[in-house]
Structure formats: structure tokens, C-alpha cells
Amino acid sequence: MMIWKREIQQASSALLTMQDLSVLVIDQGTIIDRIDYNIQNVATTVEQGLKQLQKAERTQKQGGMVMCASVLVIMCFVMLELLILKEIIF
Numbered sequence: 006m007m008i009w010k011r012e013i014q015q016a017s018s019a020l021l022t023m024q025d026l027s028v029l030v031i032d033q034g035t036i037i038d039r040i041d042y043n044i045q046n047v048a049t050t051v052e053q054g055l056k057q058l059q060k061a062e063r064t065q066k067q068g069g070m071v072m073c074a075s076v077l078v079i080m081c082f083v084m085l086e087l088l089i090l091k092e093i094i095f
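Under this note's numbering, the first residue of the sequence shown is numbered 6, with each subsequent residue one higher.
It is possible that some hints are incorrect.
Claimed, not checked - Taking lysine to any residue pairs in the SDA-like style, the calculated list, with each CA pair at most 25 angstroms apart, reads: (1) 91 - 72; (2) 91 - 81; (3) 66 - 46; (4) 10 - 29; (5) 56 - 67; (6) 56 - 42; (7) 56 - 79; (8) 66 - 81; (9) 91 - 80; (10) 60 - 81; (11) 56 - 46; (12) 60 - 73; (13) 60 - 71; (14) 10 - 23; (15) 56 - 77; (16) 10 - 21; (17) 66 - 47; (18) 60 - 50; (19) 56 - 43; (20) 56 - 45; (21) 56 - 80; (22) 10 - 22; (23) 60 - 70; (24) 56 - 75; (25) 60 - 41; (26) 10 - 20; (27) 56 - 68; (28) 60 - 49; (29) 91 - 78; (30) 66 - 77; (31) 66 - 85; (32) 60 - 80; (33) 60 - 72.
Think of the hints as simulated: they come from the structure by calculation, not from any bench.
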């Protein structure tokens with residue numbers, strides 16, 4: 006009878022250990038799912054950031070060209086006025 010009680014206690018202890026392991030495995034699965042979700046979010050965010058950087062680079066280059074063209078147009082008008090003034094004065 007004592008042997009049976011001891012075997013039942015050992016089986017009960019083993020069952021509790023297995024239940025604890027089951028809970029740990031489920032918790033780890035949940036954590037892994039969260040990590041996977043966060044990695045996917047990071048990948049999406051990085052892609053969006055790259056697109057925004059490329060757009061900003063294009064905009065910046067276009068802004069430089071507009072500024073250069075504006076300066077050239079202003080310089081042409083100044084030169085034209087100087088030519089007109091030169092003809093009027095001399």
C-alpha cells in the first residue's frame with residue numbers, strides 16, 4: 006500500500022511538472038508571436054521610412070534646381086536692365 010501511495014505521489018508530482026512545462030511552452034509561444042509581430046512592424050516601418058527618404062531626396066534636388074533657375078532668371082533681368090540703362094545713358 007505504501008508503494009502505491011509513493012507511486013501516486015510521484016505520478017502526481019510528474020503531472021504537475023508537465024502542467025507547469027505546458028504553461029511555460031504556451032507563454033513562450035505567445036512571446037515568440039509578439040516578437041514576430043514586432044519584427045514585421047519594424048520591416049514595414051523601415052520600408053515606409055525609406056520611401057519617405059527617397060521622396061525627400063527628390064524634393065530637395067528639385068528645390069535646388071528651382072533656386073538655381075530663379076537666380077539665373079533674376080541675373081538675366083539685372084543684365085537686361087543694365088544694358089537698357091547703358092543705352093539710355095550713353
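Holds or violated: residue 56 to residue 45, with C-alpha atoms at most 25 angstroms apart: holds (17 angstroms)
Please verify whether residue 56 and residue 80 have alpha carbons no more than 25 angstroms apart. Violated, at roughly 36 angstroms.
Tell me if the straight-line CA distance from residue 60 to residue 71 falls inside 25 angstroms.
holds (16 angstroms)
Review point. Holds or violated: are the alpha carbons of residue 60 and residue 70 at most 25 angstroms from each other?
Key: Satisfied, since the Cα-Cα distance of roughly 16 angstroms is no more than 25 angstroms.
Could you grab the alpha-carbon distance between residue 66 and residue 81 and see if it respects the 25 angstroms cut-off?
holds (23 angstroms)
Given pair status - residue 46, residue 66, alpha carbons within 25 angstroms | violated (30 angstroms)
Hint consistency between residue 66 and residue 85 [alpha-carbon to alpha-carbon, up to 25 angstroms]
violated (29 angstroms)
Between residue 91 and residue 80, is the straight-line Cα distance small enough, at 25 angstroms or below? Within the cut-off at roughly 16 angstroms; holds.
- Item | Proposed proximity, residue 78 with residue 91 (alpha carbon, max 25 angstroms) | holds (20 angstroms)
Are the Cα atoms of residue 60 and residue 49 separated by 25 angstroms or less?
holds (17 angstroms)
25 angstroms limit on alpha-carbon distance, applied to hinted pair residue 60 and residue 72: Given that 25 angstroms is the threshold and the Cα spacing comes to 18 angstroms, the pair holds.
- [ ] Starting from residue 56, check that the Cα of residue 79 is at most 25 angstroms away, please.
- [x] violated (35 angstroms)
Violation of the numbered hints given earlier is confined to hints 1, 3, 4, 7, 10, 15, 17, 21, 24, 25, 31, 32; the remaining hints are satisfied by the structure.
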